[in-house]
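K.L.:
Here's the letter readout for the chains.
Protein chains: 2
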Amino acid sequence: MTVEGNQDPDQGSATLSKKAQKKQAKDALKAAKKDERAASQVQVEKDENDVSSGKYGNLPLIRSQTGEEFAHLLGREFHHVKDLSSKLADTNVWVRVRLQTSRAKGKQCFLVLREQSSTIQGILAVSETISKQFVKFASNIAKESIIDVFGAVVTVPKKIDSCTQSDVELSIKEFWVVSSSKPQLPLLIEDAARPVSEVEQEGLNIKVNQDTRLDNRVLDLRTPANQAIFRLEAGVCKLFRDVLSKNGFVEIHTPKMISAASEGGANVFTVSYFKGNAYLAQSPQLYKQMAIAADFDKVYTVGAVFRAEDSNTHRHLTEFVGLDLEMSFKYHYHEVMRVIGDLFTEMFKGLRDRYREEMEAVKQQYGMEPFKFLEPPLILNFSDGVKILREAGVQIGDEDDLSTPDEKLLGRLIKAKYDTDFYILDKYPLAVRPFYTMPSPDDPKYSNSYDMFMRGEEILSGAQRIHDAELLTERAKFHGIDLDKIKAYIDAFKYGCPPHAGGGIGLERVVMLYLGLDNIRKTSMFPRDPKRLTP
Amino acid sequence: MTVEGNQDPDQGSATLSKKAQKKQAKDALKAAKKDERAASQVQVEKDENDVSSGKYGNLPLIRSQTGEEFAHLLGREFHHVKDLSSKLADTNVWVRVRLQTSRAKGKQCFLVLREQSSTIQGILAVSETISKQFVKFASNIAKESIIDVFGAVVTVPKKIDSCTQSDVELSIKEFWVVSSSKPQLPLLIEDAARPVSEVEQEGLNIKVNQDTRLDNRVLDLRTPANQAIFRLEAGVCKLFRDVLSKNGFVEIHTPKMISAASEGGANVFTVSYFKGNAYLAQSPQLYKQMAIAADFDKVYTVGAVFRAEDSNTHRHLTEFVGLDLEMSFKYHYHEVMRVIGDLFTEMFKGLRDRYREEMEAVKQQYGMEPFKFLEPPLILNFSDGVKILREAGVQIGDEDDLSTPDEKLLGRLIKAKYDTDFYILDKYPLAVRPFYTMPSPDDPKYSNSYDMFMRGEEILSGAQRIHDAELLTERAKFHGIDLDKIKAYIDAFKYGCPPHAGGGIGLERVVMLYLGLDNIRKTSMFPRDPKRLTP
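Those sequence lines, one after another, are chains A and B.
For the first sequence, full-length UniProt numbering assigns the number 1 to the initial residue and increments by one for each residue that follows.
For the second sequence, full-length UniProt numbering assigns the number 1 to the initial residue and increments by one for each residue that follows.
These are computed hints drawn from the structure, not numbers from a lab.
Check each hint, because a few of them may be wrong.
As the list makes no split between identical chains, a pair holds if one copy fits it or if it spans any two.
Claimed, not checked - Heads up, simulated BS3-like pairs for lysine-lysine below, C-alpha to C-alpha not over 25 Å straight-line: (1) K349 to K246; (2) K82 to K330; (3) K485 to K182; (4) K477 to K207; (5) K182 to K105; (6) K159 to K349; (7) K107 to K55; (8) K182 to K330; (9) K159 to K330; (10) K330 to K363; (11) K417 to K173; (12) K55 to K330; (13) K246 to K82.
Model, not experiment: these values are computed from the prediction.
Starting from the given sequences, assemble the full structure and let the hints guide the process.
P.N.:
Here it is in structure tokens:
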């Protein structure tokens with residue numbers, strides 16, 4: 001499709017020849033007149049005796065019409081379903097909703113009307129003003145169609161447990177289809193939204209598997225849990241930025257297309273760039289550090305990060321959102337580590353206090369142990385972590401990195417001992433960190449680096465970086481890195497650079513682990529992995 | 001270089017064999033002990049009679065040392081240069097600064113000390129407590145080196161025009177080099193920061209050309225104008241997000257790697273994706289619309305956008321930051337157009353009110369006509385724009401798109417007539433818009449689409465999109481688009497979708513045009529064009 005944006009959308013293939021323009025004009029007129037869209041639309045039966053005539057039917061395709069017949073629409077005010085309660089009893093309101101379900105029962109029809117995560121029961125019953133044709137029409141409309149409904153808010157004697165608005169229902173007076181759905185849905189929202197506990201009880205036949213969900217993401221995303229997950233994800237970004245802005249950080253934007261696949265191109269995607277090649281950045285590291293060398297002092301960036309790892313695990317994506325920060329410090333990298341630790345505390349508090357409803361929605365479907373954290377956060381040395389693991393019988397060398405199972409076990413042991421799902425491991429072995437990590441001044445086996453964990457999984461890796469071109473060159477050589485490929489990186493430190501440290505956070509992992517979900521594809525709106533590039 | 005981030009940084013090539021680890025440990029120890037870094041460092045002459053001994057010199061490389069000899073550093077409090085004024089007269093303060101310039105004059109040395117955009121004069125004069133060795137050492141330090149300076153804030157009898165802190169200077173008592181710069185700089189900050197008016201007067205020999213700037217971006221970014229530009233750019237993002245969040249928009253993240261190069265792959269970058277190919281998204285369009293079809297109602301996204309256009313102009317980049325939004329509406333796309341217009345008004349007001357200092361810094365170097373806007377913004381129909389151009393003698397057909405020169409001319413004519421640098425052109429000819437644009441219901445020659453302009457250049461393109469799968473299919477066929485390639489896009493509208501409209505803004509263009517700059521490379525921190533992939 002042609003794209004738009006700030007770069008001359010008009011240069012695309014959208015521009016038509018004069019002749020084509022004339023033909024187009026005619027066709028468009030034809031399309032505008034023709035109003036029997038969609039074979040899938042339910043047609044209104046013509047009947048002169050229909051007392052409800054003009055109160056229901058299919059709206060013409062909304063094309064921003066302004067003619068006389070549309071004048072009555074333009075000033076119309078809508079209520080949100082979430083605001084409908086007994087306070088509005090006996091008021092007539094318009095709502096724009098999806099038809100979640102409908103159930104005809106004799107001369108009545110009960111409907112569940114949904115707007116985002118809120119639902120209300122609608123009722124249509126044949127009466128002096130409601131014809132049986134009206135009831136029939138409404139009960140034939142396909143699920144997930146979008147409808148403008150006018151009705152009276154009516155208090156119900158008995159709570160309606162199946163709807164979020166449980167103390168009222170809508171006595172429907174008008175019913176207009178805005179956009180009709182195909183009657184056959186590849187997945188039902190009720191199935192996709194069913195609590196996992198029920199699914200497990202009732203067996204596999206009602207389980208919507210993950211590929212079906214992702215293949216039909218537009219439907220899958222309509223479940224209350226998904227509506228909540230991505231609102232909460234937006235919340236994580238907002239909290240990240242707000243806390244850092246308040247602390248004087250400047251937001252920057254770093255290029256995703258870079259010239260050198262450093263370190264021999266492992267796990268790097270290659271891009272055809274005019275007559276040459278470019279590579280997709282595996283992190284904004286170099287650019288964050290250049291911003292520090294350029295006197296920005298404290299910076300953060302939120303953006304796509306690419307990893308060409310052929311890992312089909314619950315926690316790997318080939319493209320994810322990185323929340324990265326970098327900060328200069330005076331004499332000790334703990335100045336930065338503390339800022340990052342406090343950032344997490346603020347994010348956890350913000351989520352806890354401002355996203356209760358969202359967490360409740362996720363809990364309803366997936367269950368969820370509340371996320372525990374200490375204030376200030378728990379900081380342990382890597383070597384203390386190793387000690388805890390050894391006490392639990394794990395064999396591990398002083399300078400070995402933690403395996404994923406070790407990390408998870410350590411998470412459980414720390415939770416049992418300190419009652420926290422978040423902690424920091426400080427001073428990793430130098431041997432397991434990248435070449436640009438500052439070696440520890442106290443013990444050459446270790447480094448000024450740290451990882452941070454949520455529920456036993458790493459969600460941030462960071463360190464003091466070497467800010468001296470000579471030591472950096474020495475360390476790169478030691479790692480066997482081609483100095484030509486990192487020349488720009490090393491040069492950045494030749495004209496004076498303050499000591500600095502930082503880290504990178506994976507957004508989808510933070511949300512997955514905060515909510516205690518089992519797969520990162522649940523927290524990426526349109527996930528990418530080695531096997532999935534669509535939708 | 002090895003990267004870090006949330007995806008197992010430990011899996012990279014950083015992991016060393018046991019043998020290598022031992023060798024590394026030894027080397028690191030050696031490096032830690034060796035303290036004569038850098039041949040470029042100025043050495044302190046050993047002299048037992050130096051009364052200033054211990055008051056100046058090179059700090060050891062800051063590696064977060066905690067030993068006894070570092071204890072006195074860790075609690076040290078620093079002032080910011082921008083806060084130094086006569087209010088602090090006769091106080092002793094520590095500052096961490098860059099040495100911008102130094103000028104020895106007999107037994108004195110005058111220095112300009114810079115922290116970000118703030119400068120203060122430092123003075124060192126041989127006295128009972130300041131040795132001549134101290135003065136010599138300081139005057140030999142390379143420009144751009146980072147120094148910890150301790151000194152007394154002293155009120156000056158005559159304003160120092162060459163510094164931002166003009167009513168005080170710093171009488172230096174201690175002077176410690178934290179990070180030394182190479183003495184030869186590829187560009188001088190004073191040159192890079194010189195007002196264009198002066199450069200033009202004094203001829204080309206002191207002009208720092210754009211490629212030199214971009215090749216040495218770490219230095220170039222240290223100028224006051226650049227410090228200001230990127231702070232203001234962060235401000236545009238913040239305002240964009242804050243205004244939209246307040247209006248109920250949800251932030252989403254859309255994939256940059258996509259499966260189909262729609263429309264035959266014009267201007268699309270190709271990525272090697274495991275055994276197949278992927279393409280870099282030219283806009284988040286499809287995904288924003290899918291989020292609307294998935295009931296998110298109002299969404300925005302900030303992220304990288306890629307265009308493989310071989311255009312080497314002042315306003316094209318191959319990678320830029322897109323500020324995109326999409327919003328469902330009830331009956332008329334003007335509901336959305338107004339929201340976007342008001343968004344711009346809020347952004348302009350926010351910049352005007354909160355970024356005065358930054359604008360002043362840019363003005364100092366580049367000059368700048370203040371940006372004018374009306375509240376509410378001026379909206380003209382495309383056909384009225386054509387009329388204005390025709391009155392000025394331009395020959396243009398009803399259904400022709402505006403050329404870039406026409407747009408600029410129209411910008412000047414509208415500025416003259418309405419005194420605004422921002423306006424909206426509504427109802428573009430259908431023929432010049434992408435296939436998914438909703439045709440106008442009133443006149444089949446036109447469409448429900450709009451562009452927005454700043455200083456006569458387009459900065460947003462947007463429209464009501466076709467939300468009906470059948471009409472969309474019809475229009476795609478008419479444009480000769482391969483339906484297979486856009487199947488996922490069309491399918492998104494098959495299960496009910498509200499009418500919606502939106503648009504995409506180019507961040508770098510907004511900043512360039514707001515500040516009246518002449519090249520988009522000035523507002524991209526690390527710009528990418530067909531000829532530039534570095535740094």
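K.L.:
Quick one: K82 to K330, C-alpha cut-off 25 Å, is that within a copy, between copies, both, or neither?
P.N.:
The answer is between: 18 Å across copies meets 25 Å, while 51 Å in one copy does not.
K.L.:
At 25 Å max between alpha carbons, let me know whether K182 reaches K105 within a copy, between copies, both or neither.
P.N.:
Cα proximity of K182 and K105: one copy only (23 Å, versus 85 Å across).
K.L.:
How do K107 and K55 come out at 25 Å by Cα distance, when the copy is not named: within, between, both, or neither?
P.N.:
Within one copy only: 18 Å inside a chain, 96 Å across chains, cut-off 25 Å.
K.L.:
With identical chains treated as interchangeable, where does the CA-CA distance between K349 and K246 reach 25 Å or less: within a copy, between copies, both, or neither?
P.N.:
So K349 and K246 pass the 25 Å test inside a copy (16 Å) and across (21 Å) alike.
K.L.:
Up to 25 Å between alpha-carbons, please classify K159 paired with K330: within, between, both or neither.
P.N.:
Intra 62 Å, inter 31 Å, cutoff 25 Å: neither.
K.L.:
Could you place K246 and K82 in one of the four classes (within, between, both, neither) given a Cα distance threshold of 25 Å?
P.N.:
between (33 Å within a copy, 18 Å between copies)
K.L.:
Cα distance capped at 25 Å. Does K485 pair with K182 within a copy, between copies, both, or neither?
P.N.:
between (54 Å within a copy, 21 Å between copies)
K.L.:
One pair to classify: K55 and K330, alpha carbons no more than 25 Å apart. Within, between, both, or neither?
P.N.:
between (72 Å within a copy, 18 Å between copies)
K.L.:
Pop the pair K417 and K173 into one bin, within, between, both or neither, using alpha-carbon distances up to 25 Å.
P.N.:
neither (61 Å within a copy, 51 Å between copies)
K.L.:
Using 25 Å as the alpha-carbon threshold, which applies to K159 and K349: within, between, both, or neither?
P.N.:
For K159 and K349, neither the intra-copy (34 Å) nor the inter-copy (49 Å) Cα distance is at most 25 Å.
K.L.:
Treating 25 Å as the Cα threshold, decide for K477 and K207: within, between, both or neither.
P.N.:
neither (54 Å within a copy, 37 Å between copies)
K.L.:
Within, between, both or neither: how does the pair K330, K363 come out at a Cα-Cα threshold of 25 Å?
P.N.:
neither (44 Å within a copy, 32 Å between copies)
Hint compliance for this structure: hints 4, 6, 9, 10 and 11 are broken, all remaining hints hold.
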